[in-house]
Amino acid sequence: MAVELRPSQALRLLHELSLAQVRDGAPDLSPRQLAILLSVYLEAPPHTVRGLAARLGVTKPVITRALDTMGQLGFVSRRRDEADRRNVIIQRTVEGALYVERFGDLVVATARALPR
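Residue numbering for the sequence shown is 13 to 128, as defined by this note's numbering.
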């Protein structure tokens with residue numbers, strides 16, 4: 013479904029969404045962390061550190077640092093790939109799925125509240 017927004021509306025949506033997240037008291041994720049989290053939850057698995065780094069155009073240490081934070085929040089977990097021990101598989105968690113679902117609901121609600 014295509015959505016038509018003027019640049020000012022798109023920026024207003026981003027601003028209002030950011031404000032809603034701050035008010036919600038949910039964990040603060042950087043844009044990079046959010047991009048990684050949404051990649052893990054919206055794209056088909058498996059997800060590896062190497063694959064996410066390639067997908068986002070960043071280094072593996074960048075992905076690892078973001079995963080460290082999201083792991084502490086319970087949004088993802090990691091395990092070694094038994095078929096290739098060099099790979100680290102990123103797994104979804106219930107807490108992460110709930111966060112992404114709430115975030116999606118927040119995006120919809122915020123978009124609906126935008127002035128036309």
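Calculated from the structure, these hints are not laboratory results.
Treat the hints with caution; some may be incorrect.
What the hints assert, rightly or not - Here are the simulated distance ranges between beta carbons:
| hint | residue 1 | residue 2 | range |
| --- | --- | --- | --- |
| 1 | S51 | V15 | 17 to 25 Å |
| 2 | S30 | A95 | 39 to 47 Å |
| 3 | E55 | E94 | 16 to 24 Å |
Ideal placement from N, C-alpha and C gives every residue a C-beta, glycine not left out.
Requested in this report: Output the numbers, in ascending order, of every earlier hint that fails for this structure.
Outcome: none
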